[in-house]
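Asker: Counting from 1, one number per residue, gives the positions in the sequence shown under the UniProt record's numbering.
Careful, some of the hints might be misleading.
25 Å max Cα-Cα, derived DSS-like pairs, lysine-lysine [unchecked claim]:
| no. | residue 1 | residue 2 |
| --- | --- | --- |
| 1 | K39 | K50 |
| 2 | K50 | K119 |
| 3 | K45 | K119 |
| 4 | K124 | K45 |
| 5 | K50 | K124 |
Label-pair restraints from in silico Cβ distances [to be verified]:
| no. | residue 1 | residue 2 | range |
| --- | --- | --- | --- |
| 6 | P131 | D35 | 27 to 35 Å |
| 7 | A141 | F40 | 34 to 42 Å |
| 8 | L133 | G66 | 17 to 25 Å |
| 9 | E43 | K124 | 15 to 23 Å |
No lab work stands behind these hints, which were simulated from the structure alone. C-beta: ideal position from N, C-alpha, C; glycine also.
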Amino acid sequence: MGAPLRIIDSALFIYFLIIAIAVPLIDGQTILPIDLYPKFLIELKSWFFKQIDHYLVFEMPYFYVGIAWFELLFQWPVALMCAYGIAAGKSWFSTTSLIYGSSFLTSLAAILAELIGSKRASDKLIRFYYPFLVFAVLSFARGLLPYSGTSASIGKTAGLNQKKQA
Numbered sequence: 001m002g003a004p005l006r007i008i009d010s011a012l013f014i015y016f017l018i019i020a021i022a023v024p025l026i027d028g029q030t031i032l033p034i035d036l037y038p039k040f041l042i043e044l045k046s047w048f049f050k051q052i053d054h055y056l057v058f059e060m061p062y063f064y065v066g067i068a069w070f071e072l073l074f075q076w077p078v079a080l081m082c083a084y085g086i087a088a089g090k091s092w093f094s095t096t097s098l099i100y101g102s103s104f105l106t107s108l109a110a111i112l113a114e115l116i117g118s119k120r121a122s123d124k125l126i127r128f129y130y131p132f133l134v135f136a137v138l139s140f141a142r143g144l145l146p147y148s149g150t151s152a153s154i155g156k157t158a159g160l161n162q163k164k165q166a
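All chains should be built: construct the whole structure from the sequences, respecting the hints.
Answerer: In structure tokens:
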């Protein structure tokens, strides 16, 4: 199970790094004062979401704003912890991965229910969320797998660190 676990951890590490950057810079524009952001980031977000006709971003219903707050205040820090956990080979990574995956799946369920149920979303918009759904499930599933000291894909393993300290 070592090689597949390393591939999953590597994919999740890249995903968590992207989330570490995108959430405060892009998603944060939904809830934080817009004057905190440079003009090019505001224009980039506006251009991109117009391309996929993301009506939730422009209409900002209360549930979507609530999810944005939840993402910034809870999911983003957990994603940072997950990236660190993978890089440092921490034994608690499985737990944080499970927490992130389950909370993100819950948020996605609410968003996708609105998009599909309202019949207002384009296929392009719904397809935009598929990669996020894949990574949410992957994070959740990775959290269910037992921790192995050899599964750290980037950092030193906890088992090796403990032997050095003894």
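Asker: Given the hint of 17 to 25 Å, is the C-beta distance from L133 to G66 inside that range or not?
Answerer: holds, 20 Å
Asker: Has the given pair, K50 with K124, been kept, meaning a C-alpha gap of at most 25 Å?
Answerer: holds, 11 Å
Asker: CA of K124 to CA of K45, is that 25 Å or under?
Answerer: At roughly 16 Å apart (the allowed maximum being 25 Å), K45 and K124 satisfy the hint.
Asker: For the pair supplied as a hint, K39 and K50, confirm whether the alpha-carbon distance does not exceed 25 Å.
Answerer: Roughly 16 Å between the alpha carbons, so the hint for K39 and K50 holds.
Asker: Has the hinted range 34 to 42 Å been met by the Cβ atoms of A141 and F40?
Answerer: Holds - the Cβ-Cβ distance for A141 and F40, about 37 Å, lies within 34 to 42 Å.
Asker: Against the 25 Å threshold, does the CA-CA distance of K50 and K119 hold or violate the hint?
Answerer: holds, 18 Å
Asker: The hint says 15 to 23 Å between E43 and K124; measuring C-beta to C-beta, is that right?
Answerer: Once the Cβ atoms are compared, 20 Å apart, the range 15 to 23 Å for K124 and E43 holds.
Asker: Going straight from one Cα to the other, do K45 and K119 come out at no more than 25 Å?
Answerer: With Cα atoms ~23 Å apart, K45 and K119 stay inside 25 Å; holds.
Asker: Cβ-Cβ distance between P131 and D35: within 27 to 35 Å?
Answerer: With Cβ atoms ~31 Å apart, the hint holds.
The structure is consistent with each of the numbered hints, conforming to all of them.
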